[in-house]
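Go by the hints and put chain B with the ligands onto chain A.
Line by line, the protein sequences give chains A and B. According to the UniProt record's numbering, the stretch in the first sequence is residues 1 to 398, in order. According to the UniProt record's numbering, the stretch in the second sequence is residues 1 to 283, in order.
Some hints here could point you the wrong way.
Okay, derived cross-link-like pairs now, DSSO-like style, lysine-lysine, Cα gap no bigger than 30 Å in a straight line [said to hold, decoys possible]:
{"no.": "1", "chain 1": "B", "residue 1": "Lys121", "chain 2": "B", "residue 2": "Lys203"}
{"no.": "2", "chain 1": "A", "residue 1": "Lys97", "chain 2": "B", "residue 2": "Lys121"}
{"no.": "3", "chain 1": "A", "residue 1": "Lys290", "chain 2": "A", "residue 2": "Lys239"}
{"no.": "4", "chain 1": "B", "residue 1": "Lys203", "chain 2": "A", "residue 2": "Lys106"}
{"no.": "5", "chain 1": "A", "residue 1": "Lys8", "chain 2": "A", "residue 2": "Lys97"}
{"no.": "6", "chain 1": "B", "residue 1": "Lys203", "chain 2": "A", "residue 2": "Lys143"}
{"no.": "7", "chain 1": "B", "residue 1": "Lys210", "chain 2": "B", "residue 2": "Lys19"}
{"no.": "8", "chain 1": "B", "residue 1": "Lys210", "chain 2": "B", "residue 2": "Lys200"}
{"no.": "9", "chain 1": "A", "residue 1": "Lys290", "chain 2": "A", "residue 2": "Lys144"}
{"no.": "10", "chain 1": "A", "residue 1": "Lys97", "chain 2": "B", "residue 2": "Lys203"}
{"no.": "11", "chain 1": "B", "residue 1": "Lys121", "chain 2": "A", "residue 2": "Lys106"}
{"no.": "12", "chain 1": "A", "residue 1": "Lys144", "chain 2": "A", "residue 2": "Lys106"}
{"no.": "13", "chain 1": "A", "residue 1": "Lys143", "chain 2": "A", "residue 2": "Lys201"}
{"no.": "14", "chain 1": "A", "residue 1": "Lys97", "chain 2": "B", "residue 2": "Lys210"}
{"no.": "15", "chain 1": "B", "residue 1": "Lys19", "chain 2": "B", "residue 2": "Lys130"}
{"no.": "16", "chain 1": "B", "residue 1": "Lys121", "chain 2": "B", "residue 2": "Lys278"}
{"no.": "17", "chain 1": "B", "residue 1": "Lys200", "chain 2": "A", "residue 2": "Lys143"}
{"no.": "18", "chain 1": "A", "residue 1": "Lys97", "chain 2": "B", "residue 2": "Lys200"}
{"no.": "19", "chain 1": "A", "residue 1": "Lys29", "chain 2": "A", "residue 2": "Lys239"}
{"no.": "20", "chain 1": "B", "residue 1": "Lys200", "chain 2": "A", "residue 2": "Lys106"}
{"no.": "21", "chain 1": "B", "residue 1": "Lys200", "chain 2": "A", "residue 2": "Lys144"}
{"no.": "22", "chain 1": "A", "residue 1": "Lys144", "chain 2": "B", "residue 2": "Lys203"}
It is worth saying that the hints were derived from the structure and are not from the lab.
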Amino acid sequence: MTAKVEVKNLTKIFGRRIPRAQQLLSEGKSKAEILEETGATVGVSRANFSVQDGEIFVIMGLSGSGKSTLIRMINRLIEPTEGEIAIDGEDLMTLDKNGLREVRRKKMSMVFQNFALFPNRTILQNVGYGLEVQGVDQDTRDKKAHDSLELVGLHGYDDQYPQQLSGGMQQRVGLARALANDAEVLLMDEAFSALDPLNRKDMQDELLELQEKMHKTIIFISHDLNEALRIGDRIMIMKDGVIVQTGTPEDILTNPADDYVERFIEDVDRTKVLTVANVMIRPNTVNIDKDGPRIALRRMRDNDISSIYVVDNERRFVGFADADDVAALIQQGNRDLSSVVTKREVPITSPDTPVRDLMDQISSTPVPFAVLDDQKHLVGIIVRGAVLGAIAGNEVTE
Amino acid sequence: MPILMGQLPLADWINALVKWLTQFTGFFNAITNFIGAIVNAFQWVFDLIPQWLFIVLILALTFWATRRGKKWSLLTFELLGLLLIWNLGYWRDMTQTLTLVLTSSLIALVIGIPLGIWMAKSDIVELIMKPVLDLMQTMPAFVYLIPAVAFFGIGMVPGVLASVIFAMPPTVRMTNLGIRQVPADLIEAADSYGSTSWQKLIKVQLPLAKSTLMAGVNQSMMLSLSMVVIASMIGALGLGTQVYFAVGRNDAGSGFTAGIAIVILAIILDRITQALNKGQQHS
Ligand SMILES: Nc1ncnc2c1ncn2[C@@H]1O[C@H](COP(=O)(O)OP(=O)(O)OP(=O)(O)O)[C@@H](O)[C@H]1O
Ligand SMILES: [Mg+2]
Numbered sequence: 001m002t003a004k005v006e007v008k009n010l011t012k013i014f015g016r017r018i019p020r021a022q023q024l025l026s027e028g029k030s031k032a033e034i035l036e037e038t039g040a041t042v043g044v045s046r047a048n049f050s051v052q053d054g055e056i057f058v059i060m061g062l063s064g065s066g067k068s069t070l071i072r073m074i075n076r077l078i079e080p081t082e083g084e085i086a087i088d089g090e091d092l093m094t095l096d097k098n099g100l101r102e103v104r105r106k107k108m109s110m111v112f113q114n115f116a117l118f119p120n121r122t123i124l125q126n127v128g129y130g131l132e133v134q135g136v137d138q139d140t141r142d143k144k145a146h147d148s149l150e151l152v153g154l155h156g157y158d159d160q161y162p163q164q165l166s167g168g169m170q171q172r173v174g175l176a177r178a179l180a181n182d183a184e185v186l187l188m189d190e191a192f193s194a195l196d197p198l199n200r201k202d203m204q205d206e207l208l209e210l211q212e213k214m215h216k217t218i219i220f221i222s223h224d225l226n227e228a229l230r231i232g233d234r235i236m237i238m239k240d241g242v243i244v245q246t247g248t249p250e251d252i253l254t255n256p257a258d259d260y261v262e263r264f265i266e267d268v269d270r271t272k273v274l275t276v277a278n279v280m281i282r283p284n285t286v287n288i289d290k291d292g293p294r295i296a297l298r299r300m301r302d303n304d305i306s307s308i309y310v311v312d313n314e315r316r317f318v319g320f321a322d323a324d325d326v327a328a329l330i331q332q333g334n335r336d337l338s339s340v341v342t343k344r345e346v347p348i349t350s351p352d353t354p355v356r357d358l359m360d361q362i363s364s365t366p367v368p369f370a371v372l373d374d375q376k377h378l379v380g381i382i383v384r385g386a387v388l389g390a391i392a393g394n395e396v397t398e
Numbered sequence: 001m002p003i004l005m006g007q008l009p010l011a012d013w014i015n016a017l018v019k020w021l022t023q024f025t026g027f028f029n030a031i032t033n034f035i036g037a038i039v040n041a042f043q044w045v046f047d048l049i050p051q052w053l054f055i056v057l058i059l060a061l062t063f064w065a066t067r068r069g070k071k072w073s074l075l076t077f078e079l080l081g082l083l084l085i086w087n088l089g090y091w092r093d094m095t096q097t098l099t100l101v102l103t104s105s106l107i108a109l110v111i112g113i114p115l116g117i118w119m120a121k122s123d124i125v126e127l128i129m130k131p132v133l134d135l136m137q138t139m140p141a142f143v144y145l146i147p148a149v150a151f152f153g154i155g156m157v158p159g160v161l162a163s164v165i166f167a168m169p170p171t172v173r174m175t176n177l178g179i180r181q182v183p184a185d186l187i188e189a190a191d192s193y194g195s196t197s198w199q200k201l202i203k204v205q206l207p208l209a210k211s212t213l214m215a216g217v218n219q220s221m222m223l224s225l226s227m228v229v230i231a232s233m234i235g236a237l238g239l240g241t242q243v244y245f246a247v248g249r250n251d252a253g254s255g256f257t258a259g260i261a262i263v264i265l266a267i268i269l270d271r272i273t274q275a276l277n278k279g280q281q282h283s
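Looking at chain A on its own, in the form it has when it is part of the complex (with noise of 0.2 Å):
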């Protein structure tokens, strides 16, 4: 894997007498104390990260610790006081206005989280605005948004306006908008915020589902440590604009930082039980109906695993194959999975079961649980570190 964006000791500080404010802040000083002596106020203080291709890279902190301002300059939104911006190796803070606008075009697209739709435009106008913009004729931008909007699901809406729309469908028709012009990095500021639990939890799944077809490279803010634990693959956390920690899900959860950290950790455990949606993570998969023993065995091999869980056309959850059956079977040139696909010795549960319920049977299980929603959809699986790490995370609070 390489790295998409790769940010170096980026800086952002508001107001006035910057010089000042950046000297003592190379000296060491806190936010608190450059505001008292200067007036200025660090947005963000010398921030050092790299996303990788990809990856769902989740941005994490309390109200004003400078998640927005981050993403922000990570598109020039906001211009930064120093510091670094490269996107696949090209530094973005030597480009000029033109330059800057052809990355905002090809490389990245936003998400908002009040959706930030155009009222007067319709659903298909708004969703091809990025390339209206880039001067591509109607014809190809009216049927790429099209196809933008069956991608996030939404089928004939295209001549309605943003208004009439529910909060759920205008933030499919945002990420629409943001998929239509082919950029490789999404920027989504608190993208689900707005939304109510349960369509929140809906863009989530359409998120991970979006990702394992596209790979593109999505820097998500989030209040919620339970999306972040969803849908990150990393997670960074963010205190009073500096950060505090960048790493996996486990990592978070079993070596939290510092005290901050930790209380972000038990804020989320107090407040509810943990259910196996809260844990599981995104599965490997290979679609019975598609993909072949050789894709199945190179999907191993770069995800470093030995098995893999097989799916059919739906994402229905078909069984799990063995490296060495796979293997075995490209060698006689059978071309069909179904033969070493096993269901035995796969356990199986619902998303909303607690995780206190499985804690037994997860020690003892030799593969991970595999999640099945109501249609038998596979929409997880749960592997032993993320759950003793969460658990761990709760007994603190007790």
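Same frame as chain A, but now just chain B with the ligands:
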């Protein structure tokens, strides 16, 4: 008191400035000719249309502009009002006033909207423009007559220009306001998808500012209508002239009838522009 020792020669300075400006006769003549041409064009068209056809056209425009809204009472009012103006013998005066109002509104629009846009895009311009607009609007309108005559002589053109100065501020202000009111996240959305400033203006800011902007245009039109009597003092023809003469002759009857004709015209213009604005919002 030292402050009373010498009067500040502010009036002299302004006189000197006006005098100095009058030497650019060529420039002012060009403007006079240009605006004169617009005035003549409007008037030529209005003179060409027979009264009955004019009334039908106004009714048709209203009918079309109000679309689904309530329209019958307005249509009746317009029909009766215009017939009354015709009957009172004010028809030509009415079209002259209409010419004055339309020309000055048009100019106020052409100058005011770009100024408003500029003001919305730059905080410094806004800072400078705000007191200037306040000044333009609160300065007694009579005051504009003096330099207007100095630069443009007497007749329709100085009347139009005095009206423009007095009537333009709402258009500028409301354009600025409308653009600044566009929600920040929509601007961010436009920027983040790589719009140029022009694209952002045309595709996002102006369409979303439109109804506010149109309210400003409507106000400008009403203000320029309120200028017609004043403008008649420097020779701008129309209903204002009738009022002005009535004052001179101490003739309350004609004064009121001409005044009523102005009110009728004002209501018609106001309702039509409002209906146009409303009708456009959701299409
Ligand atoms: N335009 C601005 N001018 C001055 N200060 C700002 C500006 N924008 C943000 N800040 C300050 O920068 C800090 C970070 O703000 P930011 O909006 O990035 O936080 P956030 O983590 O996104 O918060 P939230 O969760 O509430 O969205 C805050 O202290 C905020 O007051
Ligand atoms: Mg924010």
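Verification of the hints:
1. Between Lys121 (chain B) and Lys203 (chain B) the alpha-carbon distance is near 15 Å, which keeps this suggested pair within the 30 Å criterion.
2. Note on Lys97 (chain A) and Lys121 (chain B): the hinted pairing holds, with a Cα-Cα distance of about 17 Å set against a maximum of 30 Å.
3. The hinted pair formed by Lys290 (chain A) and Lys239 (chain A) fails the criterion: a straight-line CA distance of about 45 Å is larger than 30 Å.
4. The hinted pair formed by Lys203 (chain B) and Lys106 (chain A) meets the criterion: a straight-line CA distance of about 19 Å does not exceed 30 Å.
5. A hinted pair counts as satisfied when its Cα atoms are at most 30 Å apart, and Lys8 (chain A) with Lys97 (chain A) qualifies at roughly 21 Å.
6. Among the hinted pairs, Lys203 (chain B) with Lys143 (chain A) is consistent with the structure: their alpha-carbon atoms are about 20 Å apart, no more than 30 Å.
7. The hinted pair formed by Lys210 (chain B) and Lys19 (chain B) fails the criterion: a straight-line CA distance of about 41 Å is larger than 30 Å.
8. Annotation: proposed proximity of Lys210 (chain B) to Lys200 (chain B) holds, straight-line Cα distance about 14 Å (limit 30 Å).
9. With a C-alpha separation of about 25 Å, the suggested pairing of Lys290 (chain A) with Lys144 (chain A) holds against the 30 Å cut-off.
10. Of the pairs offered as hints, the one joining Lys97 (chain A) and Lys203 (chain B) holds, with about 19 Å between alpha carbons and a cut-off of 30 Å not exceeded.
11. At roughly 26 Å between alpha-carbon atoms, Lys121 (chain B) and Lys106 (chain A) fall within 30 Å of each other, so this suggested pair holds.
12. In summary, the hint linking Lys144 (chain A) to Lys106 (chain A) is supported, as the alpha carbons are separated by about 15 Å, within the 30 Å threshold.
13. Among the hinted pairs, Lys143 (chain A) with Lys201 (chain A) is consistent with the structure: their alpha-carbon atoms are about 29 Å apart, no more than 30 Å.
14. Distance hint between Lys97 (chain A) and Lys210 (chain B) is fulfilled; the C-alpha atoms sit about 28 Å from each other, no more than 30 Å.
15. Only pairs whose Cα atoms come within 30 Å are accepted, and Lys19 (chain B) paired with Lys130 (chain B) is accepted, the gap being roughly 27 Å.
16. Proposed proximity of Lys121 (chain B) and Lys278 (chain B) is supported: the alpha carbons are some 26 Å apart, at most 30 Å.
17. Between Lys200 (chain B) and Lys143 (chain A) the alpha-carbon distance is near 23 Å, which keeps this suggested pair within the 30 Å criterion.
18. Using a Cα cut-off of 30 Å, the hinted pair Lys97 (chain A) and Lys200 (chain B) holds, with the two alpha carbons roughly 15 Å apart.
19. With a CA separation close to 14 Å, the supplied pair Lys29 (chain A) and Lys239 (chain A) stays within the 30 Å bound.
20. Restraint check for Lys200 (chain B) and Lys106 (chain A): satisfied, since their Cα atoms lie roughly 17 Å apart, inside the 30 Å limit.
21. Distance hint between Lys200 (chain B) and Lys144 (chain A) is fulfilled; the C-alpha atoms sit about 22 Å from each other, no more than 30 Å.
22. Between the alpha carbons of Lys144 (chain A) and Lys203 (chain B) the distance comes to roughly 20 Å, so the proposed pair stays at or under 30 Å and holds.
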